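Asker: Given these sequences and hints, build the entire structure.
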Amino acid sequence: LFQASLPRLIIHGDYGLHNLVFPEDGQVTMLDFETARLEWRLSDLVSACSRLRFRDGSYDLDMISSFLTAYMEEYSIDLDEWQWLPGVWRFYKLRSALIYWNSYLDTKGPSRKLISARDAVWQANWAVQNIEQLLNLNPEYREIK
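Residue numbers (the working numbering): 473 to 617.
Hints in this document: simulated from the structure, not taken from any laboratory. The structure presented is a predicted model; accordingly, all values stated were derived computationally and were not measured. Please note that the accuracy of each hint is not assured.
[Unchecked claim] Ranges between beta-carbon positions, derived for each pair:
#1 615 - 496: 35 to 45 Å
#2 506 - 574: 17 to 27 Å
#3 583 - 612: 39 to 49 Å
#4 475 - 583: 15 to 25 Å
#5 597 - 493: 30 to 40 Å
#6 604 - 580: 21 to 31 Å
#7 575 - 615: 20 to 30 Å
#8 497 - 541: 22 to 32 Å
#9 602 - 527: 12 to 22 Å
#10 608 - 579: 37 to 47 Å
#11 506 - 597: 23 to 33 Å
#12 497 - 604: 37 to 47 Å
#13 476 - 602: 14 to 24 Å
Each residue gets a CB set at the ideal place from its N, CA and C atoms; glycine is no exception.
Answerer: The following block contains the structure:
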C-alpha cells in the first residue's frame, strides 16, 4: 500500500446502514461521526461492505455488489484506485484485529473482543484469498477483463 496513491478524504469511519436514517422525504441522512477522519476512501467502503455478511460469517456478495453499484453511481472509483481494494481490505481488517486485541488486553476482557480479533484476521485472510472476487465487484473491472 505504500506504492498506492490512494485518494484521501474525510471519511465517516463507521459507514453502514446502522448509521443511516431513511426519512419519508427520501433525503438519506448519516449519523454518528465520532470516528470521522482523513483516510483512504476505500477504508469507508471496506467498513461498510465487510458488515454485509450472512449468519455463518460469509460475505453476502450480491448485497455488497448492489451497495457498491449504487455508491459508484454517485461517486465513481477509477480502476487505478479500485485495484487496491483487496490490499486496503486486508490492512483495514488487520488493523481492526489489533484494536480488538489491544482493547481486550487493556480491559482484561470480555472474551468477545478476542473472538472479534480472530474474526477480523479471518476477514483479512479472506481478502487475500479472494482478490479476483473483490475486484469483480466493480462492473468496470469485469468489462476490461
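Asker: Confirm or reject each hint.
Answerer: Against the structure, the hints come out as follows:
1. Against the hinted window of 35 to 45 Å, the Cβ-Cβ separation of residue 615 and residue 496 comes to about 37 Å, which satisfies the hint.
2. In this structure the supplied range 17 to 27 Å holds for residue 506 paired with residue 574, their Cβ-Cβ distance being about 18 Å.
3. A hinted range of 39 to 49 Å for the beta carbons of residue 583 and residue 612 is consistent with their spacing of about 43 Å.
4. Between residue 475 and residue 583 the C-beta distance comes to about 38 Å, which lies outside the given range of 15 to 25 Å.
5. In this structure the supplied range 30 to 40 Å holds for residue 597 paired with residue 493, their Cβ-Cβ distance being about 34 Å.
6. A hinted range of 21 to 31 Å is violated for the C-beta pair residue 604 and residue 580, which are about 41 Å apart.
7. Judged by the Cβ atoms, the range 20 to 30 Å given for residue 575 and residue 615 is violated: they are separated by roughly 42 Å.
8. Between residue 497 and residue 541 the CB atoms are about 24 Å apart, so this pair conforms to the stated range of 22 to 32 Å.
9. The given range of 12 to 22 Å is respected by residue 602 and residue 527, whose C-beta atoms sit roughly 19 Å from each other.
10. Distance hint check: the CB atoms of residue 608 and residue 579 are about 40 Å apart, consistent with the given range 37 to 47 Å.
11. Between residue 506 and residue 597 the Cβ separation comes to about 29 Å, which falls inside the hinted range of 23 to 33 Å.
12. Remark: the range hint 37 to 47 Å for residue 497 to residue 604 is upheld by a beta-carbon distance near 41 Å.
13. Taking 14 to 24 Å as the suggested C-beta distance range, the pair residue 476 and residue 602 conforms, at roughly 19 Å.
Hints 4, 6, 7, counting from the list given before, are not met by this structure.
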